[in-house]
Amino acid sequence: MKLALKKLLQAHPSIQVSTLLSGTLTTPSAKQAFVADGQYESIATVSVGSGGSSTVSFTSIPSTYKHLQIRAIARTSGGSGGTTQNLNMTINNDTSTAYSFHQLSGANTSAGAYGESVGRTNAVQVLHIPTVSSTSNIFGAGIIDILDYTNTNKNRTIRTFRGVEQNITDSSIALSSYLYTSTTAVSRLDFFASVGNIVEYSHIALYGIKDS
Amino acid sequence: MTTTYEKIATTTLTSATGEVTFSSISGAFTDLILIIQAKTVTYNGVDINVYVNGDTASNYSSQSLRGNGSSASAARTTSGTYFSVDNLSIMNTTDWTISRMNFFNYSNTTTNKTMLARTDRAGAGTTATANLWRSTAAINSITLDCGADSYASGSIFSLYGIKAE
Numbered sequence: 001m002k003l004a005l006k007k008l009l010q011a012h013p014s015i016q017v018s019t020l021l022s023g024t025l026t027t028p029s030a031k032q033a034f035v036a037d038g039q040y041e042s043i044a045t046v047s048v049g050s051g052g053s054s055t056v057s058f059t060s061i062p063s064t065y066k067h068l069q070i071r072a073i074a075r076t077s078g079g080s081g082g083t084t085q086n087l088n089m090t091i092n093n094d095t096s097t098a099y100s101f102h103q104l105s106g107a108n109t110s111a112g113a114y115g116e117s118v119g120r121t122n123a124v125q126v127l128h129i130p131t132v133s134s135t136s137n138i139f140g141a142g143i144i145d146i147l148d149y150t151n152t153n154k155n156r157t158i159r160t161f162r163g164v165e166q167n168i169t170d171s172s173i174a175l176s177s178y179l180y181t182s183t184t185a186v187s188r189l190d191f192f193a194s195v196g197n198i199v200e201y202s203h204i205a206l207y208g209i210k211d212s
Numbered sequence: 001m002t003t004t005y006e007k008i009a010t011t012t013l014t015s016a017t018g019e020v021t022f023s024s025i026s027g028a029f030t031d032l033i034l035i036i037q038a039k040t041v042t043y044n045g046v047d048i049n050v051y052v053n054g055d056t057a058s059n060y061s062s063q064s065l066r067g068n069g070s071s072a073s074a075a076r077t078t079s080g081t082y083f084s085v086d087n088l089s090i091m092n093t094t095d096w097t098i099s100r101m102n103f104f105n106y107s108n109t110t111t112n113k114t115m116l117a118r119t120d121r122a123g124a125g126t127t128a129t130a131n132l133w134r135s136t137a138a139i140n141s142i143t144l145d146c147g148a149d150s151y152a153s154g155s156i157f158s159l160y161g162i163k164a165e
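Note that the protein sequences, when read in sequence, are chains A and B. Residue numbers for the first sequence follow our numbering, so the first one is 1 and each next one is one higher. Residue numbers for the second sequence follow our numbering, so the first one is 1 and each next one is one higher.
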């Protein structure tokens, strides 16, 4: 630690940053590269309680946004014998094989690519999550973007950034893109583990991003 | 519906600085997003190192996916002493490196903390990392350094909070 060179930023809300900096404060231009001020709203959140849950659902999703984003941490009660499973998502309660995806991933020392065409998968694999065999208190995490989710002239396009790090080689990071071959506006999302229940302290939050 | 994604603190360095710390971070949000644009002063091939709550013990681990323009690779750090945010020794003295770090559910006291990061420098490559801090403590400070080097003047560090309701 090089304390002699340390700059201390006292964060919101206890002390004004400007009183502690010798440098120049800037406007939040970095954020605006991703989302404009006032355009990002919390729609609904599920914090899974004791006993877990087989499915986490968001229904009657409002159509007043341009894009949806889900930010989640999760873990499953199942999967004995292995330390990673999938958290899956269906759109509009559609469990047909209307989904396809491509994935770029890193696991231990191997980088790889993988995909499934339409007709071979009936849900979107949105997170890698620890199992009942994993070290306690570790959760997988991910960000899911559903673009232009109300446009009825387009099939749905989804992307994810997800990872599970467990301090063992059975860890992974992945960037994925998905197609859902339906032009129906997204009004419902369901999340469920490949095996077992989604455990307590899992947290799935749905946000809306405006374009005006 | 509640508007969120709020600026917590941001700074642009006006001189070379070895270490930047966000301290006394409020627990009022659900996730933190730390966005930086930085380059080094002296060395090329330097990592972005991140510590939380002043913890420099071997409580960190990382899994990375990397591309350098000609090939993809993966690597990991087990029981490290900091988050290996880029795991590609990506920073240099001439080009700006950008990184966006997502700290999930940083203020709960029941789960270990996971952070996902994307880091890019056009002249070097792009990386994605999943990072774990094996502690259930709420994160109340984040420190960034670049080893024996310093962040150059003009480097930007911005911290935002997202609150789920």
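No lab work stands behind these hints, which were simulated from the structure alone. Among the hints, a few may not be true.
Restricting the straight-line Cα-Cα distance to at most 30 Å, the calculated cross-link-like pairs of lysine-lysine (BS3-like) are [what the hints assert, rightly or not]:
| # | chain 1 | residue 1 | chain 2 | residue 2 |
| --- | --- | --- | --- | --- |
| 1 | A | LYS66 | A | LYS210 |
| 2 | A | LYS66 | A | LYS154 |
| 3 | A | LYS210 | B | LYS7 |
| 4 | A | LYS66 | B | LYS163 |
| 5 | A | LYS210 | A | LYS154 |
| 6 | A | LYS210 | B | LYS163 |
| 7 | B | LYS7 | A | LYS154 |
| 8 | B | LYS7 | B | LYS163 |
So, going through the hints one by one against the coordinates:
no., hint, in the structure
1, A:LYS66 <-> A:LYS210, "holds, 5 Å"
2, A:LYS66 <-> A:LYS154, "holds, 13 Å"
3, A:LYS210 <-> B:LYS7, "holds, 18 Å"
4, A:LYS66 <-> B:LYS163, "holds, 19 Å"
5, A:LYS210 <-> A:LYS154, "holds, 18 Å"
6, A:LYS210 <-> B:LYS163, "holds, 17 Å"
7, B:LYS7 <-> A:LYS154, "violated, 34 Å"
8, B:LYS7 <-> B:LYS163, "holds, 12 Å"
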